[in-house]
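**Q** So the protein sequences, as listed, match chains A and B. The opening residue of the first sequence carries number 212 in our numbering; numbering runs sequentially from there. The opening residue of the second sequence carries number 708 in our numbering; numbering runs sequentially from there.
Hints in this document: simulated from the structure, not taken from any laboratory. Treat the hints loosely; a few may be bogus.
Covered stretches of chain A, going by a simulated chain B footprint (3 or more residues, C-beta under 8 Å) [as the list claims (entries may be wrong)]: (1) 293–302; (2) 357–371; (3) 413–426.
Computed from the model, here is a short list of chain A residues facing chain B with C-beta under 10 Å [unchecked claim]: (4) 262; (5) 263; (6) 476.
Since we're looking at a predicted model, the values are computed, not measured. Positions of the beta carbon are idealized from the N, C-alpha and C atoms, including for glycine.
Each chain, letter by letter, is given below.
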Amino acid sequence: MMRYLLRRLAHAFLLVIGVSILAFLFTTLAPGNYFDEMRLNPQIAPETLVALRTQYQLNRPLPVRYASWVNSVLHGEMGFSFAYNTSVAPLLLLRAKNTLILTVTATLLAWAIALPLGVWSAERLGQFPDRLISWSTAALLVVPDLALALGLLVLALRTGWFPTGGMASVDFESLSSLNKIRDLALHMALPVATLVLSALPLLVRHVRAAVADVLDAPFLLAAEGHGIPRRTLLFRYALPAANPLVSLFGFSIGALLSGSLLVEVVMSWPGLGPFLLEAILARDIYVVIGGVLFSTIFLVAGNFLADMLLYWVDPRIRSASTPG
Amino acid sequence: MSRRRKVAIWLLVLGALHGVVLCAGFFAPYDPVEQDRKSPYLPPMRLHFVDMRGQFHLRPFVYVLQLRPASFDQYVEDTTRPRPLKFFTFGDRYRLLGFLPSRLHFFGAGDERIYLLGTDAFGRDQLSRLLFGGQVSLLAGLLGAGFTLLIGWCIGAAAGYYGGWRDDLLMRVAELFLALPWLYLLFAIRAFLPLTVNPLQAFFLIVAVIAAVGWARPARLVRGIVLSAKERDFVRAARGFGASHLYLLRRHILPETSSVLLTQAAILIPQYVLAEMTLSFLGLGVPEPVPSWGNLLSNLQQYSVLVSYWWMYLPALIMVPFFLGYLGLASALQERAEAYKIQRRSFGSLA
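Can you make the complete structure from the sequences, with help from the hints?
**A** Right, here's the structure in full:
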């Protein structure tokens, strides 16, 4: 168990380092930097710009900059934001927390809906429930998430059922803790619904395919022969054996992170999405690198979780990775 | 046969959809950047066949819209002023397919103007902008997918065929690209490219960015196929006869990857069109006044537009038929590839 865990952890760590190097490589390809806008300003002397660039080490070679960036990461700063004039990490952490709230809720909810639907569909392969589910997933699949987000927004604005924009009401601080949770839930309803609806069709389809594959296996026939109830059979025996689902879990986190980036901008959720967009437009490179790195860490952590889950549910892997 | 027919039907549907967009100049009544400052945010005019006296007309007509009394943005139909559609009329100049100068339009209303999908803030015809915008978005998607597949194909084939450290290196890099959520990756690459560019540069920039994002998955798929194909008996035999690497790849190995490439194309193209829409929507893509499906939606970021002018939302739905077409094509192709595989497997066991 330990060895398996350590290997996955080392792999994840290398991946994050690789992504950071890749992100830095892109910065050298970038024409222009944060101070270029100032060049047009006659009130700022060219010497000042040179001094600024030197101060922020923008004129140093790439490996040196990378080394000093790694150093600042180790100090918990993750570089320096030109626009906010402070270190990047605290800025990002604040937004990353909001993104995480959104994505984790959406992931759990999407899977909680997709699993029973997929299993049900696989059990009634070709029958009415299966057809109904495949038609509705197909219908959802052809609606782009941008259209979905905007459509739900129109609905909310017209009906006034849900608050739009932001993640808290103006009087949030004065609410009791129960009302605070209620307020947050109401604000989350719209973005989470968009994310779940856009992720659901693919998840349901994959669950259905994976479970339908397993349902033919001899061990299930044997279990059925032992008189194990149908529901236990499906959820306790067939579902854990549907191996591809665990890797789909990691994939779904990636898809939901991407989706939440767009949804956050559309619904003005104060997460990484709008922040990153703003940083791109301002050429605040360390914020962009930090944001990308955060998303990688989320994704890698999700995959790591999926691996653990797989290890836990599937005895075949457990026995294969124990030495001897 | 029926599988082949399925693929053909979906191709036909997609061909028709793309054809309309390709000939946008003909199907659109007006120039996409022409402004009608007198009628900003005009709602869509409804097509009528039956007039006020209950008489049926074969030629559809619309009623001129006029401001409702004592309001500044509510329009009502003026039923005393019908405006019939004219088919195959002459109107604004355009170049069909980009080079054939023409003035012939599918429909119009002579010197009067009709707006079937309403107008935007500058009084530009939304229908015309939608059709011309499709040219930008679809071309970006098609070119992007083409480049992605080319890159993925070359890298996958090289990794699978040569193996060893090259394979390791290339596949590790591919893992890096797969490790990032694609929109973040898109953002990251876009972040390091120039922001203020003219529309043409922006277009090629976007194509390059979206092409760079997705090559890893096709590369991995191609690699897998090449790995198994290069150990097949007929490839070994050819190698034994002294065939060169290039010949082996071209004649025996790469043809095996064609069905995967086709399926991937059908999956990637709509994704990439959506990627263009997303970038332009966020203001990182093709800038105004050139229309694209993304920047047609970008003013919906203001809630007031979204609430007051519902027809501005219609461009968001334009992708639905295209998605449907590509989804159908992808599943038909997949089915065909599956059937082909089964057929070959049973044939192999006979031999």
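**Q** For each hint, tell me whether it holds in the structure or not.
**A** Evaluated hints:
1. Taking a C-beta to C-beta cut-off of 8 Å, the stretch 293–302 of chain A contributes 0 residues in contact with chain B, too few for the three needed, and the coverage statement is violated.
2. Three residues within the 8 Å Cβ limit are the bar, and the stretch 357–371 of chain A against chain B gives 8, so the coverage statement holds.
3. Counting residues of the stretch 413–426 of chain A whose beta carbon lies closer than 8 Å to any beta carbon of chain B gives 0, which falls below the threshold of three, so the coverage claim is violated.
4. A cut of 10 Å between beta carbons decides the hint on residue 262 of chain A: the least distance to chain B is about 24 Å, and the hint is violated.
5. Interface restraint check for residue 263 of chain A: the shortest CB-CB distance to chain B comes to about 20 Å, outside 10 Å, so the restraint is violated.
6. Hint status for residue 476 of chain A relative to chain B: holds, with the closest Cβ pair at about 6 Å, below 10 Å.
Of the numbered hints given earlier, the model fails hints 1, 3, 4 and 5; all others are met.
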